[in-house]
Amino acid sequence: MVVLLYNVRYKSKEVKQMRLCELTAHELRNMLRKKEISAREILDDTCCQIESMEGRINAYITLTKEKAYEDAERVDKAIRKGEELPDLAGIPMAIKDNICTHDVATTCASKMLEDYIPPYSAEVYERLLRAGSVMLGKTNMDEFAMGSSTENSYMKITSNPWDTDKVPGGSSGGSAAAVAAGEACFALGSDTGGSIRQPAALCGVVGMKPTYGRVSRYGLVAFASSLDQVGPITKDVEDCALVMNCIAGHDPKDSTSLNVPAEDYRSALVNNIKGFKIGIPSEYFGKGIDSRVRDIVLEQVKVLEELGAHVEEMSLPHSRYALPVYHLIASAEASSNLSRFDGIRYGYRGAENDDLESLYIMNRSRGFGTEVKRRILLGTYVLSSGYYEEYYMKALKVRTLIKRDFTRAFEKYDVLIAPSVPAAAFNIGEKFKDPLSMYMSDICTVPVNIAGNTAISVPCGKLGGMPIGMQIIGKPMGEKRIIQAAFTLEKNTSFKGLAR
Amino acid sequence: MRYESVIGLEVHAELLTKTKMFCSCSNKFGGEVNTRCCPVCLGLPGALPVLNAKAVEYAVKVGLATNSQISRFSRMDRKNYFYPDLPKGYQISQYGLPLCSGGYLEVEAEDGMRKVRIKRIHIEEDAGKLIHADTEAGYSLVDYNRAGVPLVEIVSEPDIRTPEEAGLYLQKLKSILEYLEVSDCRMQEGSLRCDANLSVRIAGSTVLGTKTEIKNMNSIKAMEKALEYEFKRQTELIDNGGKVLQETRRWDASKGITVAMRSKELAHDYRYFPEPDIVPVVLDMNRIEKIKGEVPELPYEKEQRFINEHGLPAYDASVLTSSKSLGEFFEKCLREYDNPKTVSNWVMGELLRILKNRGLEPENISFPASYLAELLKLVEDSTISITAAKQVFESMFDSGKEPRVIIREMGLEQISNEAAISEIVRKVISENGKSVEDYKAGKGKALRYLVGQAMKASEGRGNPQVINRLIREMINKK
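Line order of the protein sequences matches chains A and B. Position one of the first sequence corresponds to residue 4 (the working numbering), numbered consecutively onward. Position one of the second sequence corresponds to residue 37 (the working numbering), numbered consecutively onward.
Take these hints with a grain of salt, some might be off.
To be verified - With the Cβ distance kept under 7 Å, some of the chain A side facing chain B (calculated, not the full set): (1) Cys103; (2) Tyr123; (3) Leu223; (4) Val224; (5) Ser228; (6) Asp257; (7) Ser339; (8) Ser342; (9) Ile347; (10) Tyr363; (11) Ser387.
Don't read these hints as lab results, they were simulated from the structure. Quantities reported herein were computed from a predicted structural model and do not represent experimental measurements. Beta carbons are placed, not taken as given, at the ideal position from N, Cα and C, and that holds for glycine.
Looking at chain A on its own, in the form it has when it is part of the complex (with noise of 0.2 Å):
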């Protein structure tokens, strides 16, 4: 196939020769708008991309290629009629494979689901499609989003495109590696615990958690329903901005859903920091943290202060606890959540058995996964009575504590700043054993998720040639400000994210 390559004016104003599947979506939009390309061409150079690539990387689990041509046909149908374009039209994507697409097999990495095939989409997904977006197809994840290195999945492994050996992150492993590898433009993960945040920052890209309640969970399998966020996967923050324009908003449908305004992220994309008082939590900086990772993280941090934030130390006390009251209080949640697969209307069935229970057993035992079934059992065991009280209730007291300290906190600070991950990407393998020391990827990111507050993580430098990623923490609905703070460091820092 022949490779085509095209000129791009890049961040300087510089003229660079370079692939579609290179480019961000802005780029592809603005060339789209000025009729320099077709959407079928973005998408034949990607689909380029994914046959060159995937056989390393492993990114997807269900490809709909056909399904992405007549999409980009309808876009370039509306082009050529001279209709004015969304966004996102035309800008492949790919879509995690716990968000429901209708007619397309959505797994969510389990044997449990593998022949699952929803009859309606996601409320996230069905906006995008309105907005023209294309979908290549749907991403590997750990399975039912447990874990951090995308290795918990029953169908494959997926490597990080910045070196193969080592894992992509999690759970929206096949998201983040698909878009670092210009497999898609941009892609949509969910993050309960750090889902999207530490695969963007293990693979070089921009993850967004949005605030609780931001964006409609309907038609995302859920894992912990008061945790679970879905939120974009991008090459810049412009591109970030762009994608929560879309997905943002209340819906009906979702009781969690927040009945407020819709907002327009682009707004937020000013490079400009003057006057913001950014906090450093402590102990996000300390104990469990790769000294040399805290070295990079604050060095951009520096890069802040001397464009004119304010910098101060300060200390979320109890986030220390985050990690217990997380795995206490999305499992219990979770435990719930997967009671309904029971190979009964759906999903895994093993061979008949005479008595009902049996059969549950038979297609629970054999249709989850090992983590799936660790952490059924310790939400079922925390949920018991006799031990509610002691483990379900004191979680959510502390949850009460941890979700103080940043009230607190931004009643000072505009931003946090932390690391999104403790260290690199770590080797495949590695960790699959150690349960305990995979729960430790998660430390800077889940007490986010436990505060319902939105952070982004960005690429901040190179450890080792692996990509490191800066998580800023914003108050609730504080998107635009944690969007301005990513959007200035990302024009003022040496790191140039993916490997263009």
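Assemble chain B onto chain A, guided by the hints.
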């Protein structure tokens, strides 16, 4: 030793909302199997519930009508258990913070008014229905049309002492639900269900015995029978040195016994916890006041009004208001025939008798109240006799035709024409010489016999007053 029973009732009523509790599927009884469902009520992965505000309002109405406290802040909880009719593997219910609590109803017990406290009223979703179509086939089918239908559960304290009181309490609750128009309360169809807890103890004692829970009672009568049986079973067990086991028992109506279903030792740990998919239910005073304004006249209020306004005896008022439809029928009829006691007699007598014979409820009355008013006017102006009117009434009930039409069709008009009656009377006198003699000899009974014969000869259509007068006149003339 004399025992008494300690009874508490858990009543479930399906709420008559247009849509189901958490989705926009139609909330109608029946329908082709698995047609009234969607991703939400089928519990498909990713689907989310959104609470039906009407279901909340309906339950609040029940709370207001039962003197309950309405919670300003309540929330939904998940009750976790596995069963094929439960699509999500949990039922969305209320546990820690129900919508209403601390209410009561008063029922007329043998020894005066009995106050039955209501512990809590909460809302929850119904499950689907298992269909064991063919036991030979080795499988069962599930119909999810009922999954997600909103229910209100009303839990009483164990304040009930006899099966009759339980019946009265349930009857009262049922009529309140009907008056509120929040449930159609059909026990046969399962839109009203009642489980009972019963334990026994020495009369007057304050300790509680071991209770059993009784299920599957499809009518108020069945519940009373089941409780009577269970009381007898438990007391006999204790008298014979046995011990009551805490268990769930099923009422077998055909055999008239309760049968053990499962023991409480095997009881589920339902692992209740707050439903994270639904935000807490917050009711401000304005909303509660608004709902209060929508509560209609309740049965006990209507009963009092019937006594005061229509001058009815207390008994009549209580019977007529026991069902919403019956009370409405009565009042509609009054609007066109303003004689409360007569109308009451007909409604309580003929109407209830026929309903009972046909096994029907007052909701099933198939003719308008104005027909009864018309019929009563025809009796009053002597167009037909009371005996004939009863015939017409029954026919009206079955055919739904107007009384005049029926009277014409059945030829039941009363004959008051003297010429026609004279002929009949003459014939009766000539054929009953002995009775005529008796009457002349002063035996009043003989006159009644002769009138009866004349009525018979006129096929019941002769006006009895006219017959009576003509017989006396003719005999006296002789």
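For each hint, the structure was consulted:
no.	hint	verdict
1	Cys103	holds (5 Å)
2	Tyr123	holds (5 Å)
3	Leu223	holds (6 Å)
4	Val224	holds (4 Å)
5	Ser228	holds (4 Å)
6	Asp257	holds (5 Å)
7	Ser339	holds (5 Å)
8	Ser342	holds (2 Å)
9	Ile347	holds (5 Å)
10	Tyr363	holds (6 Å)
11	Ser387	holds (6 Å)
Taken one by one, the earlier hints all hold for this structure without exception.
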